[in-house]
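Chemist: Protein sequences appear in the order of chains E and P. Just so you know, we're using the working numbering here: the first sequence kicks off at 16 and counts up by one. Just so you know, we're using the working numbering here: the second sequence kicks off at 667 and counts up by one.
Honestly, the hints are just simulated from the structure, not real lab data. For clarity, every value in this text was computed on a predicted model and none was experimentally measured.
With a cut-off of at most 20 Å between alpha-carbon atoms, the simulated DMTMM-like pairs for lysine to aspartate or glutamate come out as follows:
(1) E:Lys-66 with E:Glu-117
(2) P:Lys-728 with E:Asp-133
(3) P:Lys-737 with E:Glu-136
Short, incomplete list of chain E residues facing chain P, as computed with Cβ under 7 Å:
(4) Thr-179
(5) Thr-180
(6) Val-181
(7) Phe-184
(8) Glu-216
(9) Met-219
(10) Ala-220
(11) Gln-223
Note that beta-carbon positions come from the ideal geometry of N, C-alpha and C, so glycine has one too.
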Amino acid sequence: MEVELKDMIEDLESLRQSLPDPSLHSSIDKLRLRVENLTNMAKSVPVRRSKVKDMSAEVVDSNPYSRLMALQRMGIVKNYERIREFSVAIVGVGGVGSVAAEMLTRCGIGRLLLYDYDKVELANMNRLFFRPEQVGMTKTDAAVQTLSDINPDVVLESYTLNITTVQGFDTFMSSLRNKSFCPSKEGTGVDLVLSCVDNYEARMAVNQACNELNQTWMESGVSEDAVSGHIQLLIPWRNCLFCLCTSFVCVFIVYIDSLNHTSFVVASGVDERTLKRGSLCRIFTYYNDNFITKKYTQHAIGGVVAGLLVQNTLKFLLNFGYVSPYLGYNSLKDYFPTMAMKPNPQCSNAACLERQEEYTLAKPARDAAAKAKMEAEALSATECQLHADNEWNISIVDDSEQDRMDGTSAGILVFYFAGIPF
Amino acid sequence: MNKSNDNDWFRISACNPEGTRWTGKCWYVHNLLKYEFDLQFDIPVTYPSTAPEIELPQLDGKTQKMYRGGKICLTVHFKPLWAKNCPRFGIAHALCLGLAPWLAAEVPVLVDSGMIKHKDDMSSSSES
Numbered sequence: 016m017e018v019e020l021k022d023m024i025e026d027l028e029s030l031r032q033s034l035p036d037p038s039l040h041s042s043i044d045k046l047r048l049r050v051e052n053l054t055n056m057a058k059s060v061p062v063r064r065s066k067v068k069d070m071s072a073e074v075v076d077s078n079p080y081s082r083l084m085a086l087q088r089m090g091i092v093k094n095y096e097r098i099r100e101f102s103v104a105i106v107g108v109g110g111v112g113s114v115a116a117e118m119l120t121r122c123g124i125g126r127l128l129l130y131d132y133d134k135v136e137l138a139n140m141n142r143l144f145f146r147p148e149q150v151g152m153t154k155t156d157a158a159v160q161t162l163s164d165i166n167p168d169v170v171l172e173s174y175t176l177n178i179t180t181v182q183g184f185d186t187f188m189s190s191l192r193n194k195s196f197c198p199s200k201e202g203t204g205v206d207l208v209l210s211c212v213d214n215y216e217a218r219m220a221v222n223q224a225c226n227e228l229n230q231t232w233m234e235s236g237v238s239e240d241a242v243s244g245h246i247q248l249l250i251p252w253r254n255c256l257f258c259l260c261t262s263f264v265c266v267f268i269v270y271i272d273s274l275n276h277t278s279f280v281v282a283s284g285v286d287e288r289t290l291k292r293g294s295l296c297r298i299f300t301y302y303n304d305n306f307i308t309k310k311y312t313q314h315a316i317g318g319v320v321a322g323l324l325v326q327n328t329l330k331f332l333l334n335f336g337y338v339s340p341y342l343g344y345n346s347l348k349d350y351f352p353t354m355a356m357k358p359n360p361q362c363s364n365a366a367c368l369e370r371q372e373e374y375t376l377a378k379p380a381r382d383a384a385a386k387a388k389m390e391a392e393a394l395s396a397t398e399c400q401l402h403a404d405n406e407w408n409i410s411i412v413d414d415s416e417q418d419r420m421d422g423t424s425a426g427i428l429v430f431y432f433a434g435i436p437f
Numbered sequence: 667m668n669k670s671n672d673n674d675w676f677r678i679s680a681c682n683p684e685g686t687r688w689t690g691k692c693w694y695v696h697n698l699l700k701y702e703f704d705l706q707f708d709i710p711v712t713y714p715s716t717a718p719e720i721e722l723p724q725l726d727g728k729t730q731k732m733y734r735g736g737k738i739c740l741t742v743h744f745k746p747l748w749a750k751n752c753p754r755f756g757i758a759h760a761l762c763l764g765l766a767p768w769l770a771a772e773v774p775v776l777v778d779s780g781m782i783k784h785k786d787d788m789s790s791s792s793e794s
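Isolated chain E, as found in the complex (with noise of 0.2 Å):
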């Protein structure tokens, strides 16, 4: 092509020499800047960059973790560089899934295991990071190739295949299971699963791998409607446990259900007790929203979702803030609902009982740890005490006792103070 260009340029000039009228220079001139531009830009290839090997935390404009590290620098994140340690699995590269992988390897994540078996197609072209050219690629592939080209280092691996198969969920156990890319870490499998995916099988065979192999993983769901969506922390072990098995299906459905519905009655104001029962179809659908969400799903609420799911990840990860075992969000009222979970124990999934069980007798070696932990706290609480004398005695005030000085209830914080002029 710059060939081409400079052989147009020398065309010009020759035109240019060759005119008697020199009223046509100028405009000869022009066009003869803007090829000048055009080989300028030709000459701007796309640089790809190279791989690097550690993690660096100096601000200069070359080095892609800097804004990343300064997180730890702020004392946010004890230590940032750790998650080049993490391998994190997501299931379903779709609207949710394929924003979340992005994110995570712009951050940096050590591995990442992708599992679709879809193709992308130009009906995805509402949602985020697929590309008009990808048609016809698998998501898994398309994804590989974007990925790859933001962050040389992220180890990624596809898996084009149905987990809810028999054979492409012994391929989703084996690859969960072993395979990892660092030398310490070898053969612990990943640290994390990301359940992005749109319907409800598929949902059921990620709880059943994760029940099996006792890894924890996040939930992630996007309604119908895509005015709503939520995300989910399940440790197979422990208290937060939200068992999806059989006999806690309807339960667990007609839960979130009853959550969604809240905040339909919150959106509009209906009188809940004029809604039918018939609306329990829809929370089926709310979990088997392939078919509608496919339409309407745009980019915004998939990507609060994902963003959403990515901040809890990296807090789970890097040990800093709350994980959330549970947050909802419905856009029609801004509202985030959060709750926690417990298992059932009448759960007909076997995995998901012994998982209890191993969690119920690890109990009494659990609280000692907690408590040793509180009373180590406590100690070091003590001694930051230092001041012998209070001249001015200053005392510690709860924060909830002020709150309710002005008449609000409990766990309503007041943003504005009466009196205050806009």
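Mind docking chain P on chain E? Use the hints.
Modeler: Here is chain P on its own, set in the frame of chain E:
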């Protein structure tokens, strides 16, 4: 009983020794013409807590009431029923209460809109 009365409307057989994949034929009679389709489904790993997803690959893309790959939509009419009766439901229930109503609702619409043609019509039109 159905077979002896010629009231049967499907034939399936396992296509692997573990019985996790099933293939066969199903048919529906509309205006005294028999329309026959290939039928296939996998038993999901989470069976019986989730129902098999019945596929009619020949009709893929011909109707809105279908997921990718020819999986018929069971979401509203059958999935709640399955969840209520789980784990007592099986393949027979999925076919009778999932596939049969779907065929009864969809095939007449597809025939009337001209999306599917009877095989006799197709052969005669190609001959002429």
